[in-house]
Amino acid sequence: LHTRDLRLILTRKCNYNCYFCHKEWCDWKEPELLDPQDYFYLYDVVSSTTPLWGITVSWGEPLLRKNLDSLLKLLKEKKTSLTMVSNWYFIDKKIDTLKYLDKIIVSLHTVQQDLYSAITGRDVSVQKILDNIVLLKKTYPHLEIKINSTLLKRYFEVPRYLEQLLDFICEHDLTIKYLELSPKTLPDFVTQEKLIPLLEKKWFVFTPGDWKDYNTYSLWWARVVFRKCACDFVKDHWCTQEYCKKNNDLTLSPDGKISACIQDTKKIDLYQDIKKRNDENIVEKVLLLEDPSFKYTCCLKK
Numbered sequence: 001l002h003t004r005d006l007r008l009i010l011t012r013k014c015n016y017n018c019y020f021c022h023k024e025w026c027d028w029k030e031p032e033l034l035d036p037q038d039y040f041y042l043y044d045v046v047s048s049t050t051p052l053w054g055i056t057v058s059w060g061e062p063l064l065r066k067n068l069d070s071l072l073k074l075l076k077e078k079k080t081s082l083t084m085v086s087n088w089y090f091i092d093k094k095i096d097t098l099k100y101l102d103k104i105i106v107s108l109h110t111v112q113q114d115l116y117s118a119i120t121g122r123d124v125s126v127q128k129i130l131d132n133i134v135l136l137k138k139t140y141p142h143l144e145i146k147i148n149s150t151l152l153k154r155y156f157e158v159p160r161y162l163e164q165l166l167d168f169i170c171e172h173d174l175t176i177k178y179l180e181l182s183p184k185t186l187p188d189f190v191t192q193e194k195l196i197p198l199l200e201k202k203w204f205v206f207t208p209g210d211w212k213d214y215n216t217y218s219l220w221w222a223r224v225v226f227r228k229c230a231c232d233f234v235k236d237h238w239c240t241q242e243y244c245k246k247n248n249d250l251t252l253s254p255d256g257k258i259s260a261c262i263q264d265t266k267k268i269d270l271y272q273d274i275k276k277r278n279d280e281n282i283v284e285k286v287l288l289l290e291d292p293s294f295k296y297t298c299c300l301k302k
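At position 215 of the sequence shown (counting the first as 1) the number is 215 in the working numbering, and the numbers step up by one without a gap.
Please keep in mind that the hints were generated in silico from the structure rather than gathered at the bench. For glycine and all other residues, C-beta sits at the position ideal for the given N, C-alpha and C. Where hints are given, some of them may not hold.
Said to hold, decoys possible - Only pairs whose alpha carbons sit at most 25 angstroms apart, straight line, appear in this in silico BS3-like list of lysine-lysine: (1) Lys-266 with Lys-228; (2) Lys-66 with Lys-228; (3) Lys-99 with Lys-177; (4) Lys-103 with Lys-76.
Unchecked claim - DEER-style ranges, computed between Cβ atoms: (5) Leu-288 with Pro-141: 39 to 49 angstroms; (6) Lys-201 with Asp-173: 18 to 28 angstroms; (7) Gln-127 with Leu-288: 40 to 50 angstroms.
Full structure from sequences and hints, please.
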């Protein structure tokens, strides 16, 4: 069973400044050194030695990356699942570029304007984001569209804020994935279970998920999925490092460094090997990520 993606961090640029954003644990100063052909080449090498579910392009805001159309077109040739995570602000202007995708995920934490502005740190109309979702759904009816939302304690102070977002996904038959805030010590943390009474009130029904760390509630074609941050989930696993090595996405930063632990600052540098097309060195380094003797620095801090 293939459970991991090759996660490509295409750019450190983002037009938002969400206060709880992990920024994929990338350094703000990481330069964009890889070109579309480099990513195209690397996928072949990595997938030859590590089973992959697909490719995800992610943080900062992928739609700010130069040559994105060329990159997605190349990656589509790999005949694998191709996903993008975006804040959707630029969707209407880049809609032709999205024809190569199989799935797109929007980071949308609330439809309440004042909360949306406070979370993103930007004066952006939340209605524009909702309109872009509808536009994309009409333009590409077969494209899988999902919403990622971080669950915050402040939402429960005014329950209708949660209800408005649930009403939106029901109206448009969408899936929303609620993630718990991480780390749990943050003052806005709240457990996912607190949302269950509201879901039951709105007639959502629990349905078994495909993965043991997912809980899903459905109302016809609308779905609410609960998911913990990967790092919080594996803390409960009997062998944290081994679980990470077998299941976490392989994350490649735009300067050509790779890791299987998103919090690990000890990334393996593939840049020169990618540019020189050194298959053997890349395979050796990628396999090192799964070696029992290789320790992630985030776990060593415990």
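Evaluation of the provided hints:
no.: 1; hint: Lys-266 with Lys-228; verdict: holds, 24 angstroms
no.: 2; hint: Lys-66 with Lys-228; verdict: violated, 32 angstroms
no.: 3; hint: Lys-99 with Lys-177; verdict: holds, 23 angstroms
no.: 4; hint: Lys-103 with Lys-76; verdict: holds, 12 angstroms
no.: 5; hint: Leu-288 with Pro-141: 39 to 49 angstroms; verdict: holds, 43 angstroms
no.: 6; hint: Lys-201 with Asp-173: 18 to 28 angstroms; verdict: holds, 20 angstroms
no.: 7; hint: Gln-127 with Leu-288: 40 to 50 angstroms; verdict: holds, 48 angstroms
The structure fails to meet hint 2 from the earlier list, while all remaining hints are met.
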